[in-house]
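What follows is each chain in one-letter form.
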Amino acid sequence: MSPLLSVRDIEKRYGAHIGCTGVSFDLWPGEVLGIVGESGSGKSTLLSCLAGHLAPDRGEVIFDTRTDGPRDTITMSEPERRMLSRTDWAFVHQHARDGLRMGVSAGGNVGERLMAVGARHYGEIRESASDWLGRVEIDEGRIDDRPSTFSGGMQQRLQIARNLVTGPRLVFMDEPTGGLDVSVQARLLDLLRGLVRDMGLSVIIVTHDLAVVRLLADRLMVMKSGRVVETGLTDQVLDDPQHAYTQLLVSSVLQV
Amino acid sequence: MLRERGHFMTETAYNFAYLDEETKRMIRRAILKGLAIPGYQVPFASREMPMPYGWGTGGVQVSAAVMTPEDRFKVIDQGADDTTNAVSIRKFFERTAGVATTTRTEEASLIQTRHRIPEAALAEGQILVYQVPIPEPLRFLEPRESETRKMHALEEYGLMHVKLYEDISRHGHIATAYAYPVRVEGRYVMDPSPIPKFDNPKLSDCPAIQLFGAGREQRIYALPPYTRAASLDFEDYPFEASKAEHPCALCGADDTYLDEVITDDAGGRMFVCSDTDYCETRQKERAA
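Protein chains in written order, with the working numbering: chain Y, 1 to 256; chain D, 1 to 288.
Please note: incorrect hints may appear among the correct ones.
Calculated Cβ distances over 12 Å to all of chain Y for the following chain D residues [to be verified]:
#	residue
1	A13
2	L35
3	P38
4	D81
5	A100
6	A120
7	A153
8	G158
9	Y165
10	R170
11	P194
12	R228
13	D233
14	G252
15	G268
16	V272
Here are the simulated lysine to any residue pairs, SDA-like style, with alpha carbons at most 20 Å apart [stated by the list, open to error]:
#	chain 1	residue 1	chain 2	residue 2
17	D	K163	Y	R101
18	D	K150	Y	H53
19	D	K284	Y	P79
20	D	K284	D	G252
21	D	K163	Y	H53
22	D	K150	Y	P79
None of these hints come from the bench; they were simulated from the model.
Note that the structure is predicted; figures quoted are calculated from it, not measured.
Ideal Cβ placement from N, Cα and C applies to all residues, glycine included.
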């Protein structure tokens with residue numbers, strides 16, 4: 001088996017300031033990788049570099065494409081990269097508003113990716129939109145409502161449906177539970193965990209919430225000041241943190 | 001230079017067809033580029049014209065750039081030759097270019113139009129100039145011009161179908177009735193200006209040259225003769241060129257695009273051809 005994504009020595013600088021540097025890892029099919037760290041630690045910069053939203057200054061991001069095998073997504077042409085990002089990749093934004101078209105109905109939002117890859121049969125598009133709304137626990141009667149009439153949790157679930165409808169293999173998530181209250185968070189995490197299992201998704205999830213990675217992630221990467229300071233299995237890192245910063249992070253979690 | 005040839009100068013001392021020759025050359029370059037890449041929106045340095053934006057400043061500039069002294073010029077506004085917009089643009093070129101004008105589609109070599117394609121079939125050698133308010137078909141779905149340009153460049157047109165999807169989900173059919181998007185020769189998606197979708201089939205394989213000018217938005221695009229322009233649709237909701245289900249009350253035509261005219265305040269109304277020239281010709285033929 002070969003890794004789905006191989007990241008080699010990624011560096012992104014903002015002038016003299018380091019965004020992230022020296023990041024290398026492999027992501028295997030079906031694996032969920034959590035990236036944790038405080039605000040400004042470079043985790044979102046890293047995710048943007050991996051997803052092709054930012055051009056890194058150095059390094060390789062090699063993705064195992066369906067047709068051509070492993071390809072460096074940084075040097076591939078923009079049309080190819082954009083094609084990847086609407087077929088095999090998905091990106092779940094922290095704010096659903098960034099990932100949804102607020103002026104388009106829920107069904108249109110889910111159907112957009114299908115139409116973008118050439119679906120031209122209204123009935124079939126609507127059927128899969130309806131199916132996906134059901135899978136993310138949104139009442140199918142809301143298919144023609146605009147996301148602006150949805151609650152925050154529903155918007156986030158709609159964003160997930162919209163991303164997963166083309167059956168991607170790699171999902172990038174940027175703080176998917178940020179800004180949601182705890183009960184809604186728990187429901188969303190449950191849903192995500194089910195989808196990841198059922199579809200065999202590989203996921204890179206960025207968060208500052210250790211509870212989220214404890215539930216979802218198989219493996220953990222801890223970042224500080226743009227560098228990876230510790231990696232390992234999630235339970236191992238959280239139960240027996242080695243690096244001083246990870247120890248601080250784990251001990252800072254509020255207990256109820 | 002035309003400017004130095006006195007007989008082109010009119011009494012008002014404007015250059016032939018109002019615009020200076022350098023500007024016309026710049027516009028002609030944009031037109032040639034547009035003809036070379038059918039459906040592609042070519043940016044051009046639109047000039048201030050002596051009329052407000054939205055009244056056809058783009059169409060007027062294109063007309064001025066392609067006009068020759070031998071041309072016979074026709075202007076229609078929503079199909080009619082006698083509305084304010086049509087009359088004033090026709091007068092404008094009568095005064096600044098001294099060209100002959102006509103209301104007959106068959107006789108005209110250059111036709112400027114707002115929102116219609118004439119009913120009478122166009123022929124080779126004719127030029128049809130459209131006035132375009134918003135040239136970007138993706139504008140209301142994706143407001144960023146940088147992004148829409150990229151989408152055109154990479155042929156990412158899924159979003160256009162999202163609009164049609166929304167139509168069907170809300171109205172049960174494709175309710176877009178004008179400015180209905182077309183795909184030109186399988187490449188660029190183009191907004192045919194706000195013509196009714198009834199006219200869309202006439203865009204395709206037309207023997208005349210079709211030029212589109214958007215003054216405020218500073219874009220020119222074009223369809224060369226005999227270019228394919230396919231209206232977008234879904235497999236299970238195919239494109240339909242719809243019109244009011246009536247014959248024309250004046251000439252009896254049942255295959256033309258109709259205007260609904262309110263005749264009194266008691267619900268009285270009639271349907272008449274929007275193309276006044278076509279309707280009058282038919283009425284004369286019937287009387288004879």
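Okay, the hints, checked on the actual structure:
1. Once the 12 Å rule is applied to beta carbons, D:A13 is consistent with being away from chain Y; the minimum gap is 51 Å.
2. Consistency note on D:L35: stated as away from chain Y, and its beta-carbon is indeed over 12 Å from all of that chain's, at 26 Å minimum.
3. The beta carbon of D:P38 sits about 21 Å from the closest Cβ of chain Y, which is more than 12 Å, so the claim that it is off the interface holds.
4. Here D:D81 stays apart from chain Y, with its beta-carbon at least about 39 Å from theirs, past the 12 Å limit.
5. No Cβ of chain Y comes within 12 Å of the Cβ of D:A100; the nearest lies about 48 Å off, and the non-interface call holds.
6. Taking the minimum C-beta to C-beta distance to chain Y, about 34 Å, the non-interface status of D:A120 holds against the 12 Å cut.
7. With a cut of 12 Å on Cβ distances, D:A153 falls inside the contact zone with chain Y, its closest approach being about 8 Å.
8. The claim that D:G158 is not at the interface with chain Y is violated, since a C-beta of that chain comes within 12 Å of its own (minimum 3 Å).
9. For D:Y165, the non-interface assignment is contradicted: its Cβ lies about 5 Å from the closest Cβ of chain Y, within the 12 Å cut-off.
10. Residue placement check: D:R170 does not keep its beta carbon more than 12 Å from all beta carbons of chain Y (closest about 7 Å).
11. Remark: the non-interface label on D:P194 is consistent with the geometry, its nearest Cβ contact in chain Y lying 21 Å away (cut-off 12 Å).
12. Once the 12 Å rule is applied to beta carbons, D:R228 is consistent with being away from chain Y; the minimum gap is 18 Å.
13. Remark: the non-interface label on D:D233 conflicts with the geometry, its nearest Cβ contact in chain Y lying 8 Å away (cut-off 12 Å).
14. For D:G252, the non-interface assignment is confirmed: its Cβ lies about 37 Å from the closest Cβ of chain Y, beyond the 12 Å cut-off.
15. The beta carbon of D:G268 is kept farther than 12 Å from every beta carbon of chain Y, the shortest such distance being approximately 37 Å.
16. Consistency note on D:V272: stated as away from chain Y, and its beta-carbon is indeed over 12 Å from all of that chain's, at 35 Å minimum.
17. As the CA atoms of D:K163 and Y:R101 are separated by approximately 12 Å, the hinted pair is consistent with the 20 Å bound.
18. Restraint check: the Cα-Cα separation between D:K150 and Y:H53 comes to about 15 Å, which is no more than 20 Å; the hinted pair holds.
19. A threshold of 20 Å between alpha carbons decides the hint, and for D:K284 with Y:P79 the separation of about 58 Å lies outside it, so the pair is violated.
20. The suggested pairing of D:K284 with D:G252 holds, with an alpha-carbon distance near 12 Å, which does not exceed 20 Å.
21. Straight-line distance between C-alpha atoms of D:K163 and Y:H53 comes to about 26 Å, which puts the hinted pair past the 20 Å bound.
22. A C-alpha spacing of about 10 Å is found between D:K150 and Y:P79, which places the hinted pair at or below 20 Å, so the restraint holds.
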